Amino acid sequence: MTQEALAAEAIELHDENVATELSDLVEKLIEEAQRQGAHQSSATVSDSISVDVSARERDIENIAYEQGRAFRVSVYVDHREGTAVTSDVSDGAIRDTVAQALSIARFTEADACNGLPDQDRLATEFPDLEQNFPQPVSIEQLKSDALSADSASLDFDPCIMPANGASASQTATCSVRGNSLGFINANRYTIYGRSATALARSDAGMQTDYWFDQNCQFGRIESAEFIGREAAQRALRRLNPRTVATGTYPVMYDRWTAPSLLYPLIDAISGGNLYRQESYLQDSLNTQVATSRMTLREYPHIRNRIQSRNCDADGVTTCEHTIIDSGVVNTYLLGTYSARRLKLASTGHAGGVTNIHVEADLTPIDELLNQMNQGLLVTSLIGSGTNLVTGDYSCGAAGFWVENGEIAYPVDNITIASNLDLMYKGIVGFGDDTQDRGTFKTGSILVSEMTVASN
Amino acid sequence: MSDSPTQSRQDLLDQAELTDQDLALNVTDMMDSQIDDAELFIQHNRSEAWALEDGKVKDGSFSVSQGVGVRAITGEKTGFAHTNELNERALRKACVMAASIADRGGNRRAEAPSDVPFRRLYPGGDPTAGVTNDDKVRFLSELDQFTRALDPRIAEVSISIRGSTDRVLVYGSDGTNQFDDRPLVNCRIHVIVKDGNRTESGTDGSGGRYPLDMFFRDDFATAKDMAREAVRMAITKLDSVAAPAGEMPVVLGPGWAGVLLHEAVGHGLEGDCERKNTSCFSGKIGEKVANELCTVVDDATLDGRRGSLSIDDEGTPGQRTVLIEDGILRGFMWDKHNAILTGNQSTGNGRRESFASLTIPRMTNTFLLGGDSDPEDIVRSVSKGVYCSAFSGGQVDPSSGRFVFATTEAYLIEDGKLTSPIHGCMLTGYPWDVMNSITMVGSDFALDPGVGTCGKQGQGVPVGVGQPTIKVEQITVGGTST
Chain C
603 MTQEALAAEA IELHDENVAT ELSDLVEKLI EEAQRQGAHQ SSATVSDSIS
653 VDVSARERDI ENIAYEQGRA FRVSVYVDHR EGTAVTSDVS DGAIRDTVAQ
703 ALSIARFTEA DACNGLPDQD RLATEFPDLE QNFPQPVSIE QLKSDALSAD
753 SASLDFDPCI MPANGASASQ TATCSVRGNS LGFINANRYT IYGRSATALA
803 RSDAGMQTDY WFDQNCQFGR IESAEFIGRE AAQRALRRLN PRTVATGTYP
853 VMYDRWTAPS LLYPLIDAIS GGNLYRQESY LQDSLNTQVA TSRMTLREYP
903 HIRNRIQSRN CDADGVTTCE HTIIDSGVVN TYLLGTYSAR RLKLASTGHA
953 GGVTNIHVEA DLTPIDELLN QMNQGLLVTS LIGSGTNLVT GDYSCGAAGF
1003 WVENGEIAYP VDNITIASNL DLMYKGIVGF GDDTQDRGTF KTGSILVSEM
1053 TVASN
Chain G
789 MSDSPTQSRQ DLLDQAELTD QDLALNVTDM MDSQIDDAEL FIQHNRSEAW
839 ALEDGKVKDG SFSVSQGVGV RAITGEKTGF AHTNELNERA LRKACVMAAS
889 IADRGGNRRA EAPSDVPFRR LYPGGDPTAG VTNDDKVRFL SELDQFTRAL
939 DPRIAEVSIS IRGSTDRVLV YGSDGTNQFD DRPLVNCRIH VIVKDGNRTE
989 SGTDGSGGRY PLDMFFRDDF ATAKDMAREA VRMAITKLDS VAAPAGEMPV
1039 VLGPGWAGVL LHEAVGHGLE GDCERKNTSC FSGKIGEKVA NELCTVVDDA
1089 TLDGRRGSLS IDDEGTPGQR TVLIEDGILR GFMWDKHNAI LTGNQSTGNG
1139 RRESFASLTI PRMTNTFLLG GDSDPEDIVR SVSKGVYCSA FSGGQVDPSS
1189 GRFVFATTEA YLIEDGKLTS PIHGCMLTGY PWDVMNSITM VGSDFALDPG
1239 VGTCGKQGQG VPVGVGQPTI KVEQITVGGT ST
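So the sequence lines, in the order shown, correspond to chains C and G.
Each residue of the first sequence is one higher than the one before, starting from 603 at the first, in my numbering.
Each residue of the second sequence is one higher than the one before, starting from 789 at the first, in my numbering.
Some hints could be false.
Straight line, CA to CA, 27 angstroms or less: simulated DSS-like cross-link-like pairs of lysine-lysine [unchecked claim]:
(1) C:LYS1027 <-> G:LYS982
(2) C:LYS945 <-> G:LYS1072
(3) C:LYS630 <-> G:LYS846
(4) G:LYS1244 <-> G:LYS1072
(5) G:LYS881 <-> C:LYS745
(6) C:LYS945 <-> G:LYS846
(7) C:LYS1027 <-> C:LYS1043
(8) G:LYS1012 <-> G:LYS846
The following label-pair restraints were derived from C-beta to C-beta distances [to be verified]:
(9) G:ARG877 <-> C:GLU629: 24 to 30 angstroms
(10) G:ASN985 <-> C:PRO966: 40 to 46 angstroms
(11) C:PRO738 <-> G:GLU1075: 50 to 56 angstroms
(12) G:GLU1080 <-> C:SER648: 51 to 57 angstroms
(13) C:PRO760 <-> G:GLU1075: 23 to 29 angstroms
(14) C:SER648 <-> G:PRO905: 39 to 45 angstroms
(15) G:ASP922 <-> C:HIS641: 18 to 24 angstroms
(16) C:GLY1007 <-> G:THR1010: 55 to 61 angstroms
(17) C:ARG844 <-> G:GLU1080: 28 to 34 angstroms
(18) G:ASP939 <-> C:GLU732: 53 to 59 angstroms
(19) G:GLU1075 <-> C:GLU732: 54 to 60 angstroms
Note that these hints are calculated values from the structure, not bench results.
As the structure is a prediction and not an experimental result, all values here were calculated from the model.
The beta carbon of each residue, even a glycine, is placed where N, CA and C say it ideally should be.
I would like the entire structure built from these sequences, with the hints used as guidance.
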């Protein structure tokens, strides 16, 4: 392969047989584990190929190629568990890795909650969730996308300065999971992404921001030009920030920061935090934990979405759930182990949640700003200041001051603080500016009051 | 546990099914495609972890990660390919892909002498050797019982120990040919306490580049101290009140609070920000950026510390770099690539999370040197403010300079005395405001206990921080009480 040929050629993706090849490897691992004395075992093998091209100051800066394969095996002997992970997939390494997992299992203590899911919980049907769109994208295409996004940002305004540039990437992954109960599932997906950062400069200082999009279909990511312009626009609007007087105000999380408002709620009703007593929502099933205006529903099987899946990390079937029903906890989010610890049934949440829709009466965003009248519109958060044990919340923020229902000026260098319990119960409005980019489908969310601290 | 570096280096090559000749040949071939610089990074990482929760040692894991990262540089451009398939064929393919970045005639860089001598700051070999699996299980169980006996309000205890060995070989067209064998261990204790309807948590941990055996000596003395500290912190917080909101004087305790410097000045002094002109410190060498009481250094050369490096990930020996001296900005932290492009010298700060990540300039152990003030006088000088002694971490936006860091243990200061403990909260500020308002620097310098991990561009690397007790005249405290 010469370099010229390589550059022009489409990136080499997995061939059609990769799923079969990895499935054989998973079966080999499980056979080896049972042969060496495991009572139960599970294995995961994944292989991914990716290319990431970045551009800066209208020129290509980095091209990074990645190819990696790794496997993980867990073994159970009399409810004792051992796990081993390696990136070496040779026959010798398989034998040694399984032996390591078993040697660990010999030393750990028995825990009746350990072990594979009950057979009847395992997924048996695997409809195509349409997440795999391998498409021959050439390096030249990725280069041109990265350059376009970088130029679009630089050309947007004279205040935009060269900084960290833009990038375009492509990843193809195949992962196969199996266990000694006969479960096996191969999952292939592609992720195409474009991102741009922008630095805006004024006499008062510099501000950076970024924008990105990703999708399993190449044709469905936002255009490179749009990404670049959006990054520039976001950085520009932050220039010349002011400060606000420390006090208690209504706070609106815009549609892009609203997910980070909701994540702690999901964490607080997740099995691991509940059985470790690390959650302020201990024993919260069927109790009111948020405004009755809010319902959170999970849809794991939406096609063409990166987050969707047929089964969880344990192989348990995923299904639609009403997680929060008019503010009441309808279900905890449990994997096999945490469910057993809490004497409940797995909800198919080993490894986390999929697609969650915020279902509420939506208010046109302008009306919601009017409803807030005066307060803080948060557009960016920095630092993680959530204490899930107590619900105490304190976070660095930047955004805009809203006066008479209108955006007045950018603000920065402030913190917003409250307690999660008060915040979720104090949500008073949901914007109709819905976005559906990641885990949460949501618009802006208005919290009645939080403490805003500033200098 | 010390294996000879020569033998360990040979073992690494053998595991990778590669020879020195393979390395030389591939680098020569890459240079034929008219690039400035070619580098191979071969790594083998072995780690194990044991965890106890709910009174049971129920988790154990063992992991091996190995691979090669190939970097080709031409001007400001970098071609990078990595694979965890280790053999001559995979290496050759990665080299061809990385070298495809070449787009113009090569400007070969000056040769660096190979095998630059350096001091080994930590023992090589497996840090967990000498401690049997039985010992590890007994350690966790006994420590669990010890911790639970400390206070009847303890509801849950989780303890983990971890040990890894990281062997890296750096081979470059500039003549670099270096090998390092890096141990890393840590122990962490986390407790949940309950009293009536209040629940709180406390955590303590420590670690570094030394044998795991350190925790097992003297009847687990170090680990028992950590257990007492975690419990003390949790119990103290049971009585905590709402934290204040607004700008006020803050006293930061010794050690961990150095995370302030890491965020406020450290990231902005990494050479990539300087080259790209994206740091609020860009072009300010020789200017006053902090109160004259402040001298800040990055020092990779401390024996056995978590952030220490005998050599960095480009083969440059670890160094001590003065960043700020008596308030004046003196230097940035450089890796080779950013240093060459700006006419600087690498300061041994080129680091990568693994073979699968590109090298970027990163901190090692970064700290503020001690001063003259008595720590008690510092607290006494504040009539109304906050004293912070423990932190969970921070974050910075290097271009605006704005940073945050989160306290996990803090107290009100009223009339020069510590009074009520307060809920954890975020502190935020701009480096020039905060660094210039450091008006007292204590004589009680301490490094953190060795549990810090710094994240940048998605790559985590172990780091150290440190400082004495300091007084910051004005910083924004993000509590709820106005």
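Honestly, which of those hints from before does the structure not fit? As far as the earlier hints go, only 2 is violated by this structure.
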